[in-house]
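S.K.: Read off the chains here:
Protein chains: 2
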Amino acid sequence: MPFESMNDAQLGVLSLLLEVSANPKPGNVDREHEFSDLKFEHFILSAISAYPAFEDCMNRRGSIGTNFFNAVVRSYEICRTNVHFGAFFLLIPLIWCGGKVDDVEDELKKTTHEDSLAILSAFRICKPRVMKVKELDLRGEKVKEEILEKKVNLYHWLEKSPKENVVARELVERYWRSLEGCTILRNRYEQCGNLNEAIVYTYIYLLSKHLDPLVIAKHGLDTAYYVKERAEEFLDEFSLEGVRKFDEELVKRGINPGSIADLTCSSIYLALKEGLI
Amino acid sequence: MPFESMNDAQLGVLSLLLEVSANPKPGNVDREHEFSDLKFEHFILSAISAYPAFEDCMNRRGSIGTNFFNAVVRSYEICRTNVHFGAFFLLIPLIWCGGKVDDVEDELKKTTHEDSLAILSAFRICKPRVMKVKELDLRGEKVKEEILEKKVNLYHWLEKSPKENVVARELVERYWRSLEGCTILRNRYEQCGNLNEAIVYTYIYLLSKHLDPLVIAKHGLDTAYYVKERAEEFLDEFSLEGVRKFDEELVKRGINPGSIADLTCSSIYLALKEGLI
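From first to last, the protein sequence lines stand for chains X and P.
Going by this note's numbering, the first sequence opens with residue 1, and the numbers climb by one from there.
Going by this note's numbering, the second sequence opens with residue 1001, and the numbers climb by one from there.
Excised from the complex, chain X in its bound form (with noise of 0.2 angstroms):
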């Protein structure tokens, strides 16, 4: 090969541009559908923006606490809403590890507070939606003084995270379920050798696999059950137009499982990293 290919600050924005794309993504943002509030453009504004904290989690500049939160704000200031605060939660560690999983445990320990208070003053500007935990909750009014007091690091506070936020569990969990969706995505390419297809496929096996806290934030448990069982029966007889029928279904009753759409990111960037593409 005359070039080096992409790296790995352009494959966290391609990974997130492709997760966007992939077509259709049962009750989150697609080709075909966005929210009133929440647009298609959005998502490809706010993966371009983050190259340049990505680029520096490939430099191992800054930290990964002052890295997302760039990452976080950049997006902001230019969409007004959150877009991928649950993607660069999950990218940002691997970016900065350049994909590797095993070596993300270990530089999370080495974070501090600093870090914590970075990720606390990024919720704090664009409001994602989070589930509500025990300990050291987002929301909580006095979590700020408690990192201080207790100089909680990223390590302590996402271990602390309740099993049912998939995505905070990634990080101090080797990204196993990012790792499967990684594994399924490129047998499926391989085997279909439709880029779009294969990520669709993955989406769904993700949703069949893990509850969205999101959905259980919004609409309960019950809900959340329902979908990853109705993700069961469209994977086992998976087809582009049943998950549209899937697809029309969530839409119809507001549901958006937006942290299987973030798996789906660190999937997609796991799999560039193995040569998917």
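Treat the hints as calculated values from the structure; they're not laboratory data.
Where hints are given, some of them may not hold.
Keeping only pairs whose Cα atoms sit at most 27 angstroms apart, straight-line, the calculated BS3-like set for lysine-lysine is [as the list claims (entries may be wrong)]:
#1 P/LYS1245 <-> X/LYS245
#2 P/LYS1134 <-> P/LYS1163
#3 X/LYS39 <-> P/LYS1039
#4 X/LYS245 <-> P/LYS1039
#5 P/LYS1245 <-> P/LYS1132
These numbers were taken from a predicted model, which means no experiment stands behind them.
Since the structure of chain X is already known, use the hints to place chain P on it.
M.R.: Frame of chain X; chain P shown alone:
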């Protein structure tokens, strides 16, 4: 603003992504329509692959010719088909000049025959469809010898391009078509507040003003005039629904005005430089 806005390389990539995402875009690849050998994902991959070449332009590394070559070849290595030859041709000199259209002519005059050879090499690798011309035809057998012998730099070469080649002419005519597109885009966006609609409107506007050289090359002058006149009609009574009908018609007839899509990219880039978003 606590953060700098996007850099010129990001804006270049963004303009490519916003163009392909604009929907519906009669005859060209958009969110709802792709070709069996040229898919939506190709445009995303190609756009992201161009970042390093755009960055080199932004930092005045290399030359216009080598950066164009790098952008084309990186895209081709990933997509294995021509995706952005015309768009890169417009954007590379623009980014090299930081969006200052008045500087492009001087910079082209500073190029050497080496830049021309780089363009020729890029052409021979990805083989885009181009119009036949009398002098220095890209497909000519002896064009390389002629460039070498007469030391033809980019400016001299482009000066000879026929008036129908709206992409090549832009570079030696201070991007007046793109500047007009930029004004239309900014006004429309201010008026309707919808970025997608504003870009579609700009595309239809450019289609109504210029004959597309790719349509001329593939379908002849009569068809090119027909497309231009139809675009005028759809512009007069503009609606996305109307444009969708126009799209169906062009898709059915296999007419894809790719050069007008290229001009849409450079129009978007200039509008982004002027602070569109």
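S.K.: Are X/LYS245 and P/LYS1039 close enough, with their CA atoms no more than 27 angstroms apart?
M.R.: holds (23 angstroms)
S.K.: Is the straight-line distance between the alpha-carbon of P/LYS1134 and that of P/LYS1163 27 angstroms or less?
M.R.: Holds. P/LYS1134 to P/LYS1163 sits at ~12 angstroms (cutoff 27 angstroms).
S.K.: Take the C-alpha atoms of P/LYS1245 and P/LYS1132, compute the straight-line distance between them, and say whether it is at most 27 angstroms.
M.R.: violated (31 angstroms)
S.K.: Would you mind confirming whether the straight-line C-alpha gap from P/LYS1245 to X/LYS245 stays at or under 27 angstroms?
M.R.: Satisfied, since the Cα-Cα distance of roughly 25 angstroms is no more than 27 angstroms.
S.K.: Given the hinted pair X/LYS39 and P/LYS1039, is their Cα-Cα distance within 27 angstroms?
M.R.: holds (21 angstroms)
Checked against the numbered hints listed earlier, the structure breaks hint 5 alone; every other hint is satisfied.
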